[in-house]
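There are 4 protein chains.
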Amino acid sequence: MSGIEDLKKLVIDFRDARDWKQFHNPKDCAISLSLEAAEVLEHFQWKSKDEIDEYLKDHKGDIGEELADVLYWVLLMSNDLDIDISEALKKKMEKNDKKYPVEKIRGKHTKYTKI
Amino acid sequence: MSGIEDLKKLVIDFRDARDWKQFHNPKDCAISLSLEAAEVLEHFQWKSKDEIDEYLKDHKGDIGEELADVLYWVLLMSNDLDIDISEALKKKMEKNDKKYPVEKIRGKHTKYTKI
Amino acid sequence: MSGIEDLKKLVIDFRDARDWKQFHNPKDCAISLSLEAAEVLEHFQWKSKDEIDEYLKDHKGDIGEELADVLYWVLLMSNDLDIDISEALKKKMEKNDKKYPVEKIRGKHTKYTKI
Amino acid sequence: MSGIEDLKKLVIDFRDARDWKQFHNPKDCAISLSLEAAEVLEHFQWKSKDEIDEYLKDHKGDIGEELADVLYWVLLMSNDLDIDISEALKKKMEKNDKKYPVEKIRGKHTKYTKI
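Chains as they are written, first to last, in my numbering: chain A, 4 to 118; chain B, 4 to 118; chain C, 4 to 118; chain D, 4 to 118.
The shape of chain A in the complex, shown without the other chains:
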């Protein structure tokens, strides 16, 4: 099991060893986040549910790499913007807990506004 802080340290140490902080303005980092998310999506394009099941057998490693790239930017941006990402996730889940109350929404994928 890894702590978020350990993973963040891994990412920041990698970056700082290369003296890349100078390039990491928030706008370009957010572009990277978005481009890496697109690379995750690309794996599932043009595939039916069955084709995806088949594809997953041989490509879990590749998809794991792309998800890792997304996580890299989440951790790096959190660090640079001084955001406690664990706390942010916990708070967001509490907010979603209220927004999507279990008793009203169980088994439905309706947007909150339509409940």
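If you are wondering where the hints come from, they were derived from the structure by calculation, not from laboratory data.
Incorrect hints may appear among the rest.
The list treats identical chains as interchangeable, and a pair is accepted whether it falls inside one copy or across any two copies.
Claimed, not checked - With a Cα cut of at most 25 Å, we get these calculated DSS-like pairs of lysine-lysine:
1. 52 to 24
2. 94 to 60
3. 12 to 93
4. 12 to 94
5. 94 to 107
6. 101 to 12
7. 24 to 11
8. 111 to 52
9. 12 to 24
10. 11 to 94
11. 30 to 60
12. 24 to 102
13. 101 to 60
14. 50 to 24
15. 93 to 107
16. 11 to 93
17. 11 to 63
18. 93 to 50
19. 111 to 101
20. 60 to 107
21. 30 to 12
22. 30 to 11
23. 98 to 111
Following the hints, put chains B, C and D in place on chain A, whose structure we already have.
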């Protein structure tokens, strides 16, 4: 400090309490990941470096929420596709370590292929 | 029938009447293009083929608006970067014609590299 | 000068010669649109305004190709969803004309809600 596994449990418990796994096929989850990354990016659009610095003073919470939404999908997809995301990140960083050797790349933002 | 040039003029006249060219650097325009494409995608998320067919009955206008927003940025960027987008499309189709020869690829959705 | 209908015909003829309509469900087409927009964006990442000006000298053709790919999907989706994209753009511009009145907004890049 939070462990990745704790945060993943938070996400999966939230989802399973609502019986939403039935909707979470990988293609639509990857679309969500991509749309949430776009929402992070939207915060930085049309802003100069100075305007972003100013904007960050009042909007760190909002950006934290969007980054949390991205992390939500990274953790949920990792869980559903049975990917150990901590391991995936560590392996990716080792790979990047070789791809971007410190001594050759320090202070440059060149792509590996151009070194 | 509308000419591409007429539509481009519509877009540029709208922009210039508001004196917005000063904000339209290529990076932020490309971000806009990407965000508007995400808004098109959002319409189809979490929907099965049948649900999409049903959804299309009432939402063609909305989707048309989002596609128009994407076209807006394609035309505006083409103008500002001095790219003849009709020519660019024709040339790209000729390139694709060679890359995906009809006799080899008919009915297959294989990538060229796998033929 | 090219008509939108001519370009749409080019795109649809290319597709139909390959019998690819069977793969072109709206969700996957919208994913393509989004991925191609990401490829446009990638050209401008990590570059300052000056670096972009320099880059444009040699890469106009490449960017034109990516914009053409985006246009390809706009035209193909418009065709398949039976959307008159010229009309959609004209209507959207009229709507924007009212939303962003010239006299109030000239030279400002404020969102309408903040006027």
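Hints versus structure:
Taking the closest pair of Cα atoms, residue 52 and residue 24 come within 25 Å of each other only across two copies (15 Å); inside a single copy the shortest separation is 41 Å, beyond that limit. With identical chains, the CA atoms of residue 94 and residue 60 are at most 25 Å apart between copies only, with a shortest distance of 19 Å across copies and 35 Å within one. Taking the closest pair of Cα atoms, residue 12 and residue 93 come within 25 Å of each other both inside a single copy (20 Å) and across two copies (11 Å). In this assembly of identical chains, residue 12 and residue 94 lie within 25 Å of each other by CA distance both inside one copy and across copies; the values are 23 Å within and 15 Å between.
Taking the shortest Cα distances, residue 94 and residue 107 sit within 25 Å of each other inside one copy (21 Å), while across copies they are farther apart (39 Å). When the C-alpha separation of residue 101 and residue 12 is checked against a cutoff of 25 Å, the pair qualifies only between copies, where the shortest distance is 18 Å, while the shortest distance within a copy is 33 Å. In this assembly of identical chains, the alpha carbons of residue 24 and residue 11 lie at most 25 Å apart only when taken from the same copy (14 Å versus 29 Å across copies). Taking CA atoms no more than 25 Å apart as the test, residue 111 paired with residue 52 passes in both settings, with 21 Å inside one copy and 18 Å between copies.
Within a single copy, residue 12 and residue 24 get their C-alpha atoms as close as 14 Å, which meets the 25 Å cut-off; across copies the closest is 32 Å, which misses it. Taking the closest pair of Cα atoms, residue 11 and residue 94 come within 25 Å of each other both inside a single copy (19 Å) and across two copies (14 Å). Only between protomers do residue 30 and residue 60 lie at most 25 Å apart by alpha-carbon distance; the minimum there is 15 Å, versus 36 Å within a single protomer. Taking the closest pair of Cα atoms, residue 24 and residue 102 come within 25 Å of each other only across two copies (18 Å); inside a single copy the shortest separation is 37 Å, beyond that limit.
Taking identical chains as interchangeable, the C-alpha atoms of residue 101 and residue 60 are never at most 25 Å apart, the minima being 37 Å within one chain and 27 Å between chains. For the homomeric pair residue 50 and residue 24, the shortest alpha-carbon distance between copies (14 Å) is at most 25 Å, but the shortest distance inside one copy (38 Å) is not. In this homomeric assembly, residue 93 and residue 107 come within 25 Å of each other (Cα to Cα) only inside a single copy, at 22 Å, whereas the closest approach across copies is 40 Å. In this assembly of identical chains, the alpha carbons of residue 11 and residue 93 lie at most 25 Å apart whether taken from the same copy (17 Å) or from different copies (11 Å).
Taking the shortest Cα distances, residue 11 and residue 63 sit within 25 Å of each other both inside one copy (23 Å) and across copies (18 Å). In the homo-oligomer, the alpha carbons of residue 93 and residue 50 never lie at most 25 Å apart, since the shortest distance is 34 Å inside one protomer and 28 Å across protomers. In the homo-oligomer, the alpha carbons of residue 111 and residue 101 lie at most 25 Å apart inside one protomer (16 Å), although the nearest pairing across protomers, at 38 Å, exceeds that limit. With identical chains, the CA atoms of residue 60 and residue 107 are never at most 25 Å apart, being 37 Å at best within one copy and 28 Å at best between copies.
For the identical chains of this complex, residue 30 and residue 12 are intra-copy neighbours only, at 22 Å inside a copy versus 30 Å across copies, given an alpha-carbon limit of 25 Å. In this assembly of identical chains, residue 30 and residue 11 lie within 25 Å of each other by CA distance solely inside one copy; the values are 20 Å within and 28 Å between copies. Taking the closest pair of Cα atoms, residue 98 and residue 111 come within 25 Å of each other only inside a single copy of the chain (18 Å); across copies the shortest separation is 35 Å, beyond that limit.
Checked against the numbered hints given earlier, the structure breaks hints 13, 18 and 20 and satisfies all the rest.
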